[in-house]
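*Asks:* Assemble the whole structure, with the sequences as input and the hints as a guide.
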Amino acid sequence: SQQGEEDPQALSIQEGENATMNCSYKTSINNLQWYRQNSGRGLVHLILIRSNEREKHSGRLRVTLDTSKKSSSLLITASRAADTASYFCATDAPNAGGTSYGKLTFGQGTILTVHP
Amino acid sequence: KAGVTQTPRYLIKTRGQQVTLSCSPISGHRSVSWYQQTPGQGLQFLFEYFSETQRNKGNFPGRFSGRQFSNSRSEMNVSTLELGDSALYLCASSLVAPQETQYFGPGTRLLVL
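One line per chain: the protein sequences are A and B, in this order. One gets my numbering by counting positions in the first sequence from 1 and adding 3 to each. One gets my numbering by counting positions in the second sequence from 1 and adding 410 to each.
None of these hints come from the bench; they were simulated from the model. All C-beta atoms, glycine included, are put in the ideal place defined by N, C-alpha and C. Careful: at least some of the hints might be erroneous.
Said to hold, decoys possible - With a Cα cut of at most 27 angstroms, we get these calculated DSSO-like pairs of lysine-lysine:
| hint | chain 1 | residue 1 | chain 2 | residue 2 |
| --- | --- | --- | --- | --- |
| 1 | A | Lys59 | A | Lys29 |
| 2 | A | Lys59 | A | Lys72 |
| 3 | B | Lys411 | A | Lys59 |
| 4 | A | Lys29 | A | Lys72 |
| 5 | A | Lys29 | A | Lys73 |
| 6 | A | Lys73 | A | Lys59 |
| 7 | A | Lys29 | B | Lys467 |
| 8 | B | Lys423 | B | Lys467 |
| 9 | A | Lys73 | B | Lys411 |
To be verified - Quick look at which bits of chain A chain B covers, simulated, 3 or more residues with Cβ under 8 angstroms:
| hint | stretch |
| --- | --- |
| 10 | 38-47 |
| 11 | 67-74 |
As the list claims (entries may be wrong) - Non-contacting residues of chain A with respect to chain B, defined by C-beta distances greater than 12 angstroms in every case (computed):
| hint | residue |
| --- | --- |
| 12 | Gly19 |
| 13 | Ala22 |
| 14 | Arg57 |
| 15 | Asp95 |
*Replies:* Below is the structure:
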């Protein structure tokens, strides 16, 4: 079952605009990671945010995490055509023993299209 | 540092056959996880290995198995292939896990006819 629900499912913007994608999850987490995937290829890691962090930045990316609402958002500023891809959030959630042992649970993803 | 590599990149098999996929993690990474990606089910966790031991397993039938070698390289095997096994199979490595960044390989695309 999917832990994360992503919103919107698809997003179409013009180059230079900002893109915001949201992710909601159901259980407590250790961390949340965002990935990008181009055309069914491998996943590229973007950012990892831990449960005790509220915001992280990396270049044009800004990720927020609200554990009280069980939600996260990914903001891409000044989008480029090369940002066109699917974006996934993935949660690392502890099992009953408090560990997750390498299991990430992914959302269905947001398809971002950036028009030149 | 070289990234995660997976071989082969593409594979075509027929129902009933078996297949073995290989994954070489980033040098120094000891944890390897496997995922299946399909249009209908999305990305689903198969299993994770660390120091040649399976530590975690997803909800897949016993036809799906894996192993890890002493050099951290991992293989997964699918026996008695079914049409529904057609998917992109991704492996990911991390330093130790849990709670660490997972770095993914390019995937092996399996088509079952």
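*Asks:* Indicate, hint by hint, whether the structure satisfies it.
*Replies:* Hint check results:
As the CA atoms of Lys59 (chain A) and Lys29 (chain A) are separated by approximately 21 angstroms, the hinted pair is consistent with the 27 angstroms bound. This hinted pair checks out: Lys59 (chain A) and Lys72 (chain A) have alpha carbons roughly 17 angstroms apart, not beyond 27 angstroms. Distance hint between Lys411 (chain B) and Lys59 (chain A) is fulfilled; the C-alpha atoms sit about 25 angstroms from each other, no more than 27 angstroms. With a CA separation close to 9 angstroms, the supplied pair Lys29 (chain A) and Lys72 (chain A) stays within the 27 angstroms bound.
Our distance criterion of 27 angstroms between C-alpha atoms is met by Lys29 (chain A) and Lys73 (chain A), whose separation comes to about 7 angstroms. Using a Cα cut-off of 27 angstroms, the hinted pair Lys73 (chain A) and Lys59 (chain A) holds, with the two alpha carbons roughly 16 angstroms apart. Restraint check for Lys29 (chain A) and Lys467 (chain B): satisfied, since their Cα atoms lie roughly 20 angstroms apart, inside the 27 angstroms limit. Using a Cα cut-off of 27 angstroms, the hinted pair Lys423 (chain B) and Lys467 (chain B) holds, with the two alpha carbons roughly 25 angstroms apart.
Only pairs whose Cα atoms come within 27 angstroms are accepted, and Lys73 (chain A) paired with Lys411 (chain B) is rejected, the gap being roughly 35 angstroms. Given as covered by chain B, the stretch 38-47 of chain A passes the check, having 6 residues with a CB less than 8 angstroms from a CB of that chain where 3 are the minimum. Here the stretch 67-74 of chain A counts 0 residues with a CB under 8 angstroms from a CB of chain B, which misses the bar of 3, and the coverage is violated. The Cβ of Gly19 (chain A) lies farther than 12 angstroms from every Cβ of chain B, with a closest approach of about 29 angstroms, so its non-interface assignment holds.
Every C-beta of chain B lies more than 12 angstroms from that of Ala22 (chain A), the closest at about 21 angstroms, which supports listing it as non-interface. The claim that Arg57 (chain A) lies off the interface holds: its Cβ sits roughly 18 angstroms from the closest Cβ of chain B, which is beyond the 12 angstroms cut-off. Not every CB of chain B lies more than 12 angstroms from the CB of Asp95 (chain A), the least distance being 6 angstroms, so the non-interface label is violated.
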